[in-house]
Structure formats: structure tokens, C-alpha cells
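Using the sequences and the hints, build the whole thing.
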Amino acid sequence: MKKNSQPAAGLALVRGELLNPNCPSRELLKRITSRWTMLVMLALRENTLRFSEIRRAIGGISERMLAQTLRYMEEDGLLIRKAYEVVPPHVEYRLTPLGREASKHVLALTDWLESHFPLIEQQRSDRQNAG
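Just so we're aligned, residue 1 is where the sequence shown starts under full-length UniProt numbering, counting upward by one.
Bear in mind the hints are in silico, worked out from the structure with no lab data behind them.
Nothing here was measured: the structure is a model prediction, and the numbers come from that model.
Careful, some of the hints might be misleading.
Pairs of lysine to aspartate or glutamate residues, derived as EDC-like cross-links and limited to a Cα-Cα distance of at most 20 Å, are as follows [as the list claims (entries may be wrong)]:
1) Lys82 to Glu92
2) Lys104 to Glu114
3) Lys30 to Glu101
4) Lys30 to Glu17
5) Lys30 to Asp76
6) Lys82 to Glu53
7) Lys30 to Glu74
8) Lys104 to Glu46
9) Lys30 to Glu75
10) Lys82 to Glu46
11) Lys104 to Asp76
12) Lys104 to Glu74
13) Lys82 to Glu63
Using C-beta positions, here's what the derived DEER-type ranges look like [what the hints assert, rightly or not]:
14) Arg31 to His90: 22 to 30 Å
15) Glu74 to Pro118: 35 to 43 Å
16) Arg81 to Thr33: 15 to 23 Å
17) Thr33 to Glu53: 19 to 27 Å
Positions of the beta carbon are idealized from the N, C-alpha and C atoms, including for glycine.
Structure representation (C-alpha cells):
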């Protein structure tokens, strides 16, 4: 957060205060860095998708957890939910400009994870063999 910016609740935020347990940005940090939020951001990075398409794209997530994740992302301004008045119901999700900006950072982290995965696996193996 930028120095002296004001959140909706009226609490003054100071950049770099995330280490403070009382920092109001911690809840947002928790929500944005959750596994499911990050995977949804990656799935929606280039596409507008329906609920079932998101679920198939990321795999391993329950309907309930995906619904909760999408709801939080919408509350946080990271995605837009568009419902069409048709039968059967048709709902699409896409990232907002804020969500697309956040997804760039998620993509950078996933690139780092994938490129360093072999090294991390080797470190784990070395520790297990040494212990």
C-alpha cells in the first residue's frame, strides 16, 4: 500500500507494514496468495470463462471452494462476474484491470517456481539423504 493511503475502513496504511500482525492488508495478502486465487488468476489471464471451465482448467478444486474463491475475488475487485438472463443460467468470469495487473505478478512467481522446481526437489532429496 502507498504511504498514507486510506482504505475503506478509514485505517491509515503505511507501505511495509505487512509484518505487523495488526496490518489490515494481511487479509488481502491471505486471499490473493491463496493457491486457488492464484490458479484462478492464471486460468482467467487470457480468457473469459464459465464456472465449469475454470474448474476444469485448474483441477482439484471443489465447487464450494471455487465459488468462495470467485466471490472473494469479485469482492476484492479482481474479477467481474457477468450473468446472462437465459435458461439454463450462463455466468462468465473475467479479470478486471486490477486482476490482470495482479496476474502478471502471479505469472512471474509461477515462472520462478517452475524454473527452480528441479533445484528445490534436489535440495529436498539431499536433506532427506543426509538426515
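Each hint tested on the structure:
At most 20 Å may separate the alpha-carbon atoms for a hinted pair to count; Lys82 and Glu92 meet this at roughly 5 Å. Straight-line distance between C-alpha atoms of Lys104 and Glu114 comes to about 15 Å, which keeps the hinted pair within the 20 Å bound. A threshold of 20 Å between alpha carbons decides the hint, and for Lys30 with Glu101 the separation of about 18 Å falls inside it, so the pair holds. Between Lys30 and Glu17 the CA atoms are separated by roughly 14 Å; this keeps the pair inside 20 Å, and the hint holds.
For the suggested pair Lys30 and Asp76, the alpha carbons sit about 12 Å apart, so the restraint of at most 20 Å is met. Distance hint between Lys82 and Glu53 is fulfilled; the C-alpha atoms sit about 15 Å from each other, no more than 20 Å. Proximity of Lys30 to Glu74 is assessed by CA-CA distance (about 15 Å); at most 20 Å being required, the pair is judged to hold. Restraint check for Lys104 and Glu46: the C-alpha separation of about 11 Å stays at or below 20 Å, so the hint holds.
Under the criterion of a C-alpha separation no larger than 20 Å, the hint pairing Lys30 with Glu75 is consistent with the structure, at around 14 Å. With a C-alpha separation of about 17 Å, the suggested pair Lys82 and Glu46 falls inside the 20 Å cut-off, and the hint holds. A distance of roughly 17 Å separates the Cα atoms of Lys104 and Asp76; the hinted pair therefore holds under the 20 Å criterion. Simply put, Lys104 and Glu74 have alpha-carbon atoms about 18 Å apart, close enough for the 20 Å limit, and the pair holds.
Proximity of Lys82 to Glu63 is assessed by CA-CA distance (about 18 Å); at most 20 Å being required, the pair is judged to hold. For Arg31 paired with His90, a C-beta distance near 27 Å keeps the hint of 22 to 30 Å intact. Remark: the range hint 35 to 43 Å for Glu74 to Pro118 is upheld by a beta-carbon distance near 37 Å. Our hint of 15 to 23 Å for Arg81 and Thr33 holds, since their Cβ atoms are close to 21 Å apart.
Taking 19 to 27 Å as the suggested C-beta distance range, the pair Thr33 and Glu53 conforms, at roughly 23 Å.
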